[in-house]
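Hey, can you piece these two chains together into the complex? The hints should help.
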Amino acid sequence: MVPYRPARVLVHEESWKDAATYEMLGRLRGVPTSTFRDADTLLCELRAAPDFRATGKRTLILTRNRGSFMKECPGGGAEICCKYFVVNYALNCHLECTYCVLQAFLNNPALTIYTNIDDLMREVEEKVRRSPRRAFRIGTGETADSLALDDITCYSRRLVPFFRSLPNAVLELKTKSDQVENLQALDHGGHTIVSWSLNPDRVIRGEELKTAKLGERLSAARRCQERGFRVGFHFDPLICYEGWERDYEEAVRDLFRHVDPDGICWISLGCLRFTPHLKDIVRQRFPRSVVPYGEFVPGHHGKLRYFRPIRDEMYAKMRAWIAESAPRVFVYLCMENRAVWERSFGRSPASSSELAEEMDSLCLIKSTDRDYWGRTAARRRSPSEPRP
Amino acid sequence: MVLHGVPLAAIDFEDETCRISEDLDLVRMRSSLEAVGLINPVILLERAAPAGHRIVCGFRRLHGLRRLGRAEAAARFLQPADFSTLEVFLKAVWDNLSHRQLNPLEVARVLFKLKHQCGAEEETLVTHFLPLLGLSPHRNVLRSYLNLHRLHPGLRRLLDAGHLTLSSAERLAQAGHEVQAGVAPVLAAVRLSASLQREVLELAEDLAAISGGTLVDVMNQAEILEIAGDARLSAFQKGERIHSYLHRRRNPRISEVREAFLAERRRLNLPGTVRLSPDAFFESPRLRVEFDVASAEAFRETVEALGRACRADSLDRLFRIW
Numbered sequence: 109m110v111p112y113r114p115a116r117v118l119v120h121e122e123s124w125k126d127a128a129t130y131e132m133l134g135r136l137r138g139v140p141t142s143t144f145r146d147a148d149t150l151l152c153e154l155r156a157a158p159d160f161r162a163t164g165k166r167t168l169i170l171t172r173n174r175g176s177f178m179k180e181c182p183g184g185g186a187e188i189c190c191k192y193f194v195v196n197y198a199l200n201c202h203l204e205c206t207y208c209v210l211q212a213f214l215n216n217p218a219l220t221i222y223t224n225i226d227d228l229m230r231e232v233e234e235k236v237r238r239s240p241r242r243a244f245r246i247g248t249g250e251t252a253d254s255l256a257l258d259d260i261t262c263y264s265r266r267l268v269p270f271f272r273s274l275p276n277a278v279l280e281l282k283t284k285s286d287q288v289e290n291l292q293a294l295d296h297g298g299h300t301i302v303s304w305s306l307n308p309d310r311v312i313r314g315e316e317l318k319t320a321k322l323g324e325r326l327s328a329a330r331r332c333q334e335r336g337f338r339v340g341f342h343f344d345p346l347i348c349y350e351g352w353e354r355d356y357e358e359a360v361r362d363l364f365r366h367v368d369p370d371g372i373c374w375i376s377l378g379c380l381r382f383t384p385h386l387k388d389i390v391r392q393r394f395p396r397s398v399v400p401y402g403e404f405v406p407g408h409h410g411k412l413r414y415f416r417p418i419r420d421e422m423y424a425k426m427r428a429w430i431a432e433s434a435p436r437v438f439v440y441l442c443m444e445n446r447a448v449w450e451r452s453f454g455r456s457p458a459s460s461s462e463l464a465e466e467m468d469s470l471c472l473i474k475s476t477d478r479d480y481w482g483r484t485a486a487r488r489r490s491p492s493e494p495r496p
Numbered sequence: 536m537v538l539h540g541v542p543l544a545a546i547d548f549e550d551e552t553c554r555i556s557e558d559l560d561l562v563r564m565r566s567s568l569e570a571v572g573l574i575n576p577v578i579l580l581e582r583a584a585p586a587g588h589r590i591v592c593g594f595r596r597l598h599g600l601r602r603l604g605r606a607e608a609a610a611r612f613l614q615p616a617d618f619s620t621l622e623v624f625l626k627a628v629w630d631n632l633s634h635r636q637l638n639p640l641e642v643a644r645v646l647f648k649l650k651h652q653c654g655a656e657e658e659t660l661v662t663h664f665l666p667l668l669g670l671s672p673h674r675n676v677l678r679s680y681l682n683l684h685r686l687h688p689g690l691r692r693l694l695d696a697g698h699l700t701l702s703s704a705e706r707l708a709q710a711g712h713e714v715q716a717g718v719a720p721v722l723a724a725v726r727l728s729a730s731l732q733r734e735v736l737e738l739a740e741d742l743a744a745i746s747g748g749t750l751v752d753v754m755n756q757a758e759i760l761e762i763a764g765d766a767r768l769s770a771f772q773k774g775e776r777i778h779s780y781l782h783r784r785r786n787p788r789i790s791e792v793r794e795a796f797l798a799e800r801r802r803l804n805l806p807g808t809v810r811l812s813p814d815a816f817f818e819s820p821r822l823r824v825e826f827d828v829a830s831a832e833a834f835r836e837t838v839e840a841l842g843r844a845c846r847a848d849s850l851d852r853l854f855r856i857w
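Heads up: the protein sequence lines correspond to chains X and P, in order.
Counting in my numbering, the first sequence runs without a single skipped number right up to 496 at its last residue.
Counting in my numbering, the second sequence runs without a single skipped number right up to 857 at its last residue.
Okay, chain P solo, but in the shape it has when bound (with noise of 0.2 Å):
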């Protein structure tokens, strides 16, 4: 193996034809290459000036070491007539999964290029690439991935971060990109756990479709830009918020009864010990009273309580509401 010293400035770095990384710019990488050097040469496919040397290995050490404000690398090169494209990117796959679990957002990359650079057929890339990237070897895997390929910029970064989950992401990059972009900023404002992610866009989908409309348009109204702008509020009470807005605009009627129900046994008065819960989704009439009391002063001053709501109009209504 031959290796030459080559300088950055003979490197085409936005020939991304081989990347794989989805982030470049890697702290830790730039730590490692100040303290103890490039340990792994880089590999690059040869190519004359001015074009610049194509990297097909080691993007995140050749951009750290840029950023140190280092002159040049060690690199091993690889001719273009000996290769096929398919057969370069593959080296570029393997040096990656050699070492490293990739991201979705990798995974996708990877499926992308295989697909549409290197010509990989679908037959081959479910049975055989799927696999190799852990993934099962069915064609919904395969298309879901692609289509990830497509995530705006500000959803990957979300996703890359953990506050969207791949599931969400995957739901996202099945709509246009305007629309990703749209909603991508009211996202960043906001955290929600995964359950709620999936709630907000279920019933932010459920609206626009209602309404004729797009996602944008549902999640860039007034009032939900208002929640996502409201300094008093943290990441995860604006998500709530959004949630319950979403809900009440797409369930007027459920809303409508559960705050009633609410209204009702307010005016009841009762202690927090008691809990006084309806059917689930008011099916039925029955209520469910529980109380909890730790003295015998305490269950006294329950069942008064409880006695004073007994002779309430609210107790009427309360099931009248139903």
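Just chain X, same shape as in the assembly (with noise of 0.2 Å):
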């Protein structure tokens, strides 16, 4: 992975009374500092710039989010979704991948770190304990990557920690980096999901362009297996291309090769999806990306996603690959109906809260091999074994 260093830090006034303010800058030294007060002169500086979505990201904003934190997943008017709650400490991310849906998403370019932490953890503390008989599974990882910034936040030694003291709260590290070594020391109390966006090497070096190499990222699993982390795995997005068969089985084996699956908490699978806006972003952007060219249709939210014939022979194989190395893994579709699960899978979850209930008892599961309501393991299924 490339990591990121900013040309220059921009320190909203209100910052200043934060700590993580300091200790970001601590880490960032010989980096050029100011304060801004007003956010929407700074934008439309921001915005002039010819290749704003590139230039824009060499500013990174240290700033406080005066919003709400913890917000369910958008994936949740999917037919079958996991029902999954995304917490956002940053804004945008410095990898660089052609298809990222932030390049048309945000109107900021900048890259932006919040730094009231506290009142995040506050936030989802006060959601999380309002409803003890839920469970939660929370990832850092949609406005940003969870860990590509965490050699500058180290927000990861303050949230794994905060996540171990809520028994019915899971939280998912979802990474492109083989930035773990702040999690190495950490008591994580089988309350952090460490996970990865997969994909084969060929996509990576076309499509994924800072992020850490496919070996890089499964030697960084492997060692957080090591620290006793659970694991999980987002072949997300699969992307359609001449060939994509042998290179996907061959990153398939590859995991496996890496790391053990019974610490695999869940894998992923999800057709690359993206705005028509975004598809002309990527063209401008990246004008080799493959990303714009396959067969889309519009679907959810209007989201343009590969013909369903497509999706359905990219998830069955898939499928058929992980299972040949891990038969017991759990293997779920990301923000897919229910045709297309009978299809690739054979079966589907009844509804989304089934789905989100299996994984709920996949991850709160405990040491005692009882979960959180007192589940045994053996209630851990794929969803494409036969229901008992």
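In short, the hints are calculated from the structure, not lab data.
Quantities reported herein were computed from a predicted structural model and do not represent experimental measurements.
Far from chain P by the CB rule (all over 12 Å, computed), these chain X residues:
(1) PRO111
(2) ALA115
(3) THR143
(4) CYS181
(5) ALA212
(6) LEU317
(7) ARG330
(8) ASP370
(9) LYS425
(10) GLU432
(11) ARG455
(12) GLU462
Quick partial rundown of chain P residues pointing at chain X, CB under 10 Å, derived from the structure:
(13) ARG674
(14) ALA815
(15) PHE816
(16) GLU818
(17) PRO820
We put the CB at the ideal spot given by N, CA and C, even for glycine.
Written as structure tokens, this is what we have:
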């Protein structure tokens, strides 16, 4: 992974009240730093540059989040959805994935990190404790990579022990980096899952430009397993191109050469999806990308996705390749409909709740082999297995 | 104001430094000149022979007079020493803006000349001249219009005639001149609605990117040239066929499934009153069956036809396509 080093840091005047600001600046010695007050003027300045989506990221903004940190995952509108929650500690990512939806989604091209991390934890704790009978799977990888900035923020050192204290919640750190040093000494208590978005090296070279290579991600995953973390993997986005089968099959084999299947909490599969506007951006910014040239149809929320038989085929083959090496690993589809589940996996969860419940029991299971609600590991199964 | 009768031979018609108008040969202008003569004198920048005087305001009037075989025109002179290039050009801009709306190609020409001929800063163009020309003050708008000025003459004609949308023209203007020249004849042979135009260009661009070729390679394929040259088809039919051909090439699997569905549906021999349609983009196996009847007899006939369809093998195949 190419580490992030900003050309300048702009600190919002209120963020000088937060300890996290001083800690981060301490790790960015030598980078010119100034204070700002008016975000609107700053935004206009950043967006005036011709390739503002690339140049904007050279500016790191440290500011407070005045809104809510925690929300339901935007996949919630899909027919079958795992009912995930996201917590946003930062906005934007320097890893330059060609297909990244943030390019079309964020109006602020700078990389922004929220300094009021204490407020974030307070809000999570309040929401999680308010519903003690409900399980919360919470990820930090929606509007930023969970670990790619961890050498600057070191937020994992705060969040991992914090989630250990929440009996009905797990934190999922989702990344394309290999930056797991901060995690090694942490007491996670089984309440943090470290997960990697995976793709074959060919896709990584062509489409995930500054991320860690596949081998580096998998070595990092093994290091985490060795420290007792459960790990997850997301083959998302699956990208269809000539020869994808060979590359993805090899990537799956690579995964199980590095990682012990018994320590895998889940593997998700999700085909590429993006907005029509994003397609234009990708074409303009990354003319060599293959991403815009699949057979797409409009789907959920107006996003484009591969024509259904293509998705069926990709999921079914991926599921089979995974099952060859790890037949008991839980595999699920992200933001898909019931028909696609049935076609590619042979069965579908009856509802989003059933999938969510299954995943809750997987991640909140304790060393006693009983989960938070007293259910045993015997209940663990993949949706592709017959129901008892 | 001193007016002079200036021989047309003393005017440099080749010097288009201050030209703004896209069409210099307006029939309406000629009719007016023929009927009542030159009402408003033109403005010239005085220059000694042999160069001849530069036209500042009145390109269309002077071209009209020349076409009518007139020998001279009433003119007012500007002295080069009194005005900068920008000041002279602004007279032409204001003269046009005072009595008409500029079309997009003319706006593009004004912005291009302000930038490259008069040395106006981009910031000034954005904040001052874009609003003056009725456009939003954004750099992207400026970039887009500066590109538009590079549009190939064949495409300019299509835009001017309303056969090419502004957004399509802007899109094509980003391509090289050779590409524009290669695409223009095909586009001139067909008519496409605004949405089909956008789709055709997008499909062709995608196919060019997938094959590693250019837009010209795609648009000049034998199949497309054959459709464009088919005298039996109207310009609109040609447009639809080209769209359909490109769509099939760009989306072979979607097209294959759709065609298989249509073939099986035909085999069911359902009457025209029955509509049988798949789920959008075949996302699920659901089929929608609708029929519309106006009498009990028509109802019976339709249900009987549906009953026959129930017994046909094609019905099962219709669901197996999915």
